[in-house]
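Quick note, the sequences are listed as chains U and S, same order. Residue numbers 1 to 473, in the numbering used here, belong to the letters of the first sequence in order. Residue numbers 1 to 473, in the numbering used here, belong to the letters of the second sequence in order.
By construction, these hints were calculated from the structure, which means they are not laboratory data. In this text, all values refer to a predicted model and were calculated from it rather than measured experimentally. Treat the hints with care, since some could be wrong.
What the hints assert, rightly or not - Not everything, but these chain S residues come out facing chain U in the computed CB check (under 8 Å):
(1) Phe134
(2) Ala210
(3) Glu286
(4) Arg291
Don't be surprised by glycine CBs; every beta carbon is placed ideally from N, CA and C.
One letter stands for each residue in the lines below.
There are 2 protein chains.
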Amino acid sequence: MGLLGGGVIGAGWAARFVLNGSDVRLFDPSAEASARAARVLDDARTAFQQLTLAPLPEEGELRIVDSLEEAVAGVELVQESAPERIELKRGLLAEGDRAAPPDALICSSTSGLRPSELQAEMERPERFCVAHPFNPVYLLPLVELCAGVRTAPETVERAGAVFRSVGMQPLVVRSEIDGFVADRLLEALWREALWLVSDGAATVEEVDDAIRYGAGLRWAFMGTFLTYRIAGGEEGMRHFIRQFGPALEWPWTHLTDVPELTDELVERIAEQSDAQADGRSPRELEQLRDRVLVRLLQALRAEETAAGATLAAWERELLGAAAPTSVRHIPPEWVDYNGHVHESRYLELFADATDALLGGLGVDAGYLEDGGSFFTVETHLSHLRQLEAGDRVRVTTQVLDSDEKRLHLFHVLLRDGEADPLATAEQMLLHVDTTSGRAAPVREPVREKVAELTQQHGSLPRPERAGRSVGVS
Amino acid sequence: MGLLGGGVIGAGWAARFVLNGSDVRLFDPSAEASARAARVLDDARTAFQQLTLAPLPEEGELRIVDSLEEAVAGVELVQESAPERIELKRGLLAEGDRAAPPDALICSSTSGLRPSELQAEMERPERFCVAHPFNPVYLLPLVELCAGVRTAPETVERAGAVFRSVGMQPLVVRSEIDGFVADRLLEALWREALWLVSDGAATVEEVDDAIRYGAGLRWAFMGTFLTYRIAGGEEGMRHFIRQFGPALEWPWTHLTDVPELTDELVERIAEQSDAQADGRSPRELEQLRDRVLVRLLQALRAEETAAGATLAAWERELLGAAAPTSVRHIPPEWVDYNGHVHESRYLELFADATDALLGGLGVDAGYLEDGGSFFTVETHLSHLRQLEAGDRVRVTTQVLDSDEKRLHLFHVLLRDGEADPLATAEQMLLHVDTTSGRAAPVREPVREKVAELTQQHGSLPRPERAGRSVGVS
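Given the sequences, and given the hints that come with them, work out the whole structure.
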């Protein structure tokens with residue numbers, strides 16, 4: 001690949017190609033280009049290592065070269081990512097066209113300049129199209145492909161195949177317009193955002209929060225049209241537009257020049273929306289939406305960022321307030337291919353019982369924040385009878401023993417109203433100072449409560465299955 | 001809680017409150033309200049079971065009532081979610097105000113009507129504010145709070161505390177404007193989207209794709225201002241605005257009425273952006289962005305939707321080009337509220353290793369259909385070191401012993417490339433005739449393979465942790 005321009009976008013392209021096994025030559029007259037490309041490749045490498053388990057191909061070679069000619073000699077694809085100045089880009093593309101092999105593709109990363117204008121000085125304009133990526137180029141899959149008046153149809157097809165092979169999602173723009181599709185949408189939102197700050201209605205952080213805690217979570221997987229189709233319920237898009245069309249006249253943005261909702265336009269939107277839904281009912285789409293939102297919230301929780309931080313804070317509250325034992329329902333999704341509940345779910349039930357007990361002993365949000373926590377170091381599970389979906393179950397917990405750093409528990413899982421155990425778990429918990437990462441004595445007031453409970457439970461009979469080890473004989 | 005209106009939003013509120021342990025009375029004259037509320041609660045219950053491992057409080061009671069008076073009697077909060085018609089809402093709020101206890105909060109879910117107009121007919125307007133949620137209300141954390149001219153400041157504070165306690169993220173809107181903050185941004189994007197379809201520049205699906213494969217992934221956790229700050233590099237927001245300010249004059253959206261970038265406005269944006277970044281360098285923000293994007297892409301891959309489907313397709317290509325591997329990735333959704341992988345996930349990894357071993361021994365779909373299966377009856381887990389999200393791990397499995405009905409295994413979980421175990425599991429499996437539900441001898445050809453493997457593994461040293469029991473001393 002021959003890359004012209006090594007700013008954030010050019011360096012991102014370099015990283016995506018190199019990590020997909022292509023050799024890259026990059027030309028950029030700036031003194032910082034080389035360091036930037038190395039840094040971005042480093043970041044991309046870290047990201048790819050986390051991203052996938054699939055074996056990556058041997059990395060391509062990244063070479064920073066001193067001339068445009070050297071960058072494009074013998075390549076399959078020339079990708080221009082210079083600053084958004086039409087004369088600059090037009091000149092680079094014409095030069096690249098002259099120096100590159102005649103069958104090479106030539107693409108521009110422009111965010112919105114028209115391909116017809118960019119290809120104006122090229123000798124072989126038919127092999128040129130816009131390929132507009134999004135930052136970070138090595139992680140975001142979207143690439144908008146847009147043909148100019150002199151672009152050959154097969155050029156866009158060939159470009160699509162190249163970008164798909166490096167994990168991207170090409171979107172072919174149907175007609176040549178300034179800003180293509182994505183940046184028109186981004187620009188509309190951006191201009192309104194500037195108004196909000198300009199009017200003093202919100203700070204930049206509040207504008208960002210208004211997106212990332214709400215609609216932004218949906219936009220990660222579902223655009224506005226599909227979202228509104230769901231909002232329209234069984235009657236779908238026609239109903240939604242009928243209901244919310246009048247709001248277009250309201251001063252809800254500074255953008256007051258709105259398209260007229262003619263019957264023809266409503267019909268077009270409704271038909272295209274039907275095609276997009278592809279037979280999926282509003283119900284199915286709702287359920288998909290919820291499943292994906294749950295996964296996204298969990299992903300964000302892992303970094304305790306944005307909505308994930310909100311979720312984590314709520315969970316800490318719940319944990320602080322948990323009542324000791326409560327009856328639970330076995331949800332249908334816990335059933336495995338044998339029609340039984342997966343063994344790891346038994347441990348999930350027992351671990352929840354442990355959490356509930358610890359909550360009752362004063363291991364709350366404040367205790368955790370101060371760096372005290374119990375970690376499970378050993379568990380012995382016995383499966384005696386089978387759980388089924390829909391069962392109502394409860395766990396009883398007995399403290400077998402404790403010392404200053406350890407808590408030894410015995411759980412019994414029972415179907416509600418029955419006395420015959422479904423399963424048992426014996427667990428050893430170690431108290432840890434999470435700051436140092438080492439075992440440390442339990443702190444007050446938890447320590448006293450643990451001692452009290454241990455004494456109370458000391459009078460209970462020792463469970464028959466306590467102290468078992470696994471063995472054939 | 002007393003809810004007025006049980007459409008999608010009202011039903012979503014009901015579900016969020018009920019699952020957080022509050023009793024809810026919902027008044028809606030529509031015949032469908034009851035069925036809708038039940039269905040939404042059902043969906044929300046499923047979502048919450050997936051969402052968190054924290055013990056949820058005992059569910060509140062959801063009652064559909066026949067009058068507004070019954071809905072609001074004795075409640076702490078009245079939440080109105082009627083259709084967006086000012087007279088209707090104004091009337092309901094005035095009635096609710098008369099019937100509710102004098103110290104109850106009264107809120108409206110309006111997406112954009114001004115609180116000053118909504119509170120116009122209330123006797124106690126000081127306890128009213130807008131609390132605007134986003135669909136699905138039980139999953140999206142954002143709630144915009146907006147005071148009217150007659151709202152008391154403590155009303156917004158009290159509302160914030162109530163919504164925070166049910167896992168939401170309140171955003172206080174500084175000045176009373178139509179559409180508040182979020183819907184102004186959404187509306188700007190929506191109007192431009194309608195233009196794109198109206199102009200034939202894109203279909204509704206293409207508009208959605210232009211968001212969800214690109215900027216939408218960032219918007220799930222990082223708004224436009226922070227994104228652009230990163231794009232501005234070391235020089236931050238001032239540099240970005242200087243560089244891209246001129247583009248505001250370009251016809252990149254139909255929204256051409258733009259704020260003037262006065263020095264004062266640029267300075268305000270830059271200062272607010274500094275406050276938002278809170279000392280984090282562009283480099284740190286970039287790395288945060290990449291880490292979160294990786295987690296989001298993986299979350300989407302789990303549902304093979306949007307950018308996750310693109311990722312999965314790319315991985316299949318890579319996998320097709322290489323040998324399979326048993327190394328596994330720890331997905332972000334496995335991380336619990338402590339930042340660690342939940343103990344039940346360790347057992348999930350070990351159970352998968354058992355399944356893989358059984359598959360290799362000939363326990364396939366046919367064997368299962370014929371009524372033969374191995375069930376785990378006992379497991380002893382030892383947690384030695386901690387797993388982290390993104391770790392690449394593998395499990396080694398040793399057959400310790402077997403007889404005609406039993407298989408005794410020892411698993412070791414290792415981080416890829418390391419020899420020091422993260423955890424071990426000793427398991428006893430019992431062979432069962434699933435038709436009779438009783439233990440039964442292993443059948444051919446599995447029996448012979450089990451015997452062979454047991455003999456082979458017999459020469460391996462016995463693991464140090466085999467045969468352990470749990471105990472303090």
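Tested hints:
1. Nearest Cβ of chain U to the Cβ of Phe134/S: about 4 Å, under the 8 Å cut. The hint holds.
2. At about 4 Å, the closest approach between the beta carbon of Ala210/S and any beta carbon in chain U falls short of 8 Å, and the interface hint on this residue holds.
3. A least Cβ separation of about 7 Å between Glu286/S and chain U falls short of the 8 Å threshold, and the interface hint therefore holds.
4. Proximity of Arg291/S to chain U holds as hinted, the smallest CB-CB distance being about 6 Å (cut-off 8 Å).
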